[in-house]
Structures are given as C-alpha cells and as structure tokens.
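Trainee: Numbering follows my numbering, in which position 85 of the sequence shown is assigned residue number 85; successive positions increment by one, without gaps.
These aren't lab readings, by the way, just hints derived from the structure by calculation. Nothing here was measured: the structure is a model prediction, and the numbers come from that model. Heads up, a few of these hints could be off.
[As the list claims (entries may be wrong)] Straight-line Cα separation of at most 25 Å, SDA-like style, residue types lysine to any residue; simulated pairs:
| no. | residue 1 | residue 2 |
| --- | --- | --- |
| 1 | LYS35 | ARG53 |
| 2 | LYS88 | GLU46 |
| 3 | LYS81 | LEU7 |
| 4 | LYS2 | LEU63 |
| 5 | LYS88 | SER107 |
| 6 | LYS88 | GLY142 |
| 7 | LYS87 | SER107 |
| 8 | LYS87 | LEU133 |
| 9 | LYS35 | THR59 |
| 10 | LYS2 | LEU114 |
| 11 | LYS87 | LYS124 |
| 12 | LYS2 | THR59 |
| 13 | LYS131 | VAL91 |
| 14 | LYS131 | THR59 |
| 15 | LYS81 | LYS35 |
| 16 | LYS87 | GLN141 |
| 17 | LYS88 | ASP71 |
| 18 | LYS131 | LEU63 |
| 19 | LYS2 | LYS35 |
| 20 | LYS2 | LEU92 |
| 21 | LYS131 | LEU114 |
| 22 | LYS81 | LEU92 |
| 23 | LYS87 | LEU20 |
| 24 | LYS87 | ILE140 |
| 25 | LYS87 | ASN144 |
| 26 | LYS131 | LYS35 |
| 27 | LYS35 | GLN21 |
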Amino acid sequence: MKLATALSERADLQRRLTQLQTRLNNNAKVQEGEKPAEDPADLLRELEGVITRLEELITRINLTNSQTFADGVSMTALLAKRDCLSKKLAVLRDFLDNASARVDRYSQKEIRILSTVDVAKLQKQVDDLSKELRLIDEQIQGLNWTTDLL
C-alpha cells in the first residue's frame, strides 16, 4: 500500500469516528418503552474496530514518515516545516490584512491612522513564503504517492 492510500484511509477513519460519536450520542437515551434507532452495543463494537485500525495506520504512517527522506530531509521534518510554515503564513496574512486596511477620515481634524509596517515588503515576504509552502507541499505529495507504507 502506498503512503498516500494510507493517508486517505486514515482521513476516512477519522470521519467515521466523528460519525460514530454522533450516532452513539443520538442513541444514548430513549424514552421508556422505546428502542434506540441503532443498537449502542453494535456501535461500540464498530468504534473499537475503527480505533484499532486507525491506531495501526497511524503507527505505520509515522514509522514510514520517519524513514522516508528527500534530499536528506525526513518526511517527518518536511511535515513539521509545512505545518509551521502554514501557521506562520496564517498569522502574517491576518496581520497584513490589518496593516493594509484603510481607515477613512471624514475630516482633516480626525486622527490619522498609519500602518506600523512596510505593507509592500511584508506582502513580498508572504508571497515568498507561500511559494516555499507550495513547493514543500508538492514534495510531500510526490513522496506520498511513491513511498510504500512500512
């Protein structure tokens, strides 16, 4: 099985977990004399199977990621870099939105509001980081489709 296939299955199992949680909660209580729409015991058995498979997949994915390298960098390191770069970009984009937002003055007597940073320079930095993120993501996706799951 390729790593990408395992990642897809993991995502599906995580969705199923969320659905099982909802289904269990929906069948946790019934009015006296009524039966639940689904048997909670069956749902709990299904939950156990999903959790067991998910744990197995996560273990194998993590093991594979730690032993997969591109240009001397492990997949684990690439994933960490991608995640942190994504978070940094989100913060910078939000800051850039605030820094570049115009504040209209309705008269010359109102206080001028100025940006505290060079917006054009910050936008260039965001653009460069976005390109770096895109390249890292492409590298990760390429590895996902060519690496066999351990």
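Trainee: Which hints from the list above does the structure break, by number from lowest to highest?
Mentor: 1, 2, 5, 7, 9, 10, 14, 15, 18, 19, 20, 21, 23 and 26
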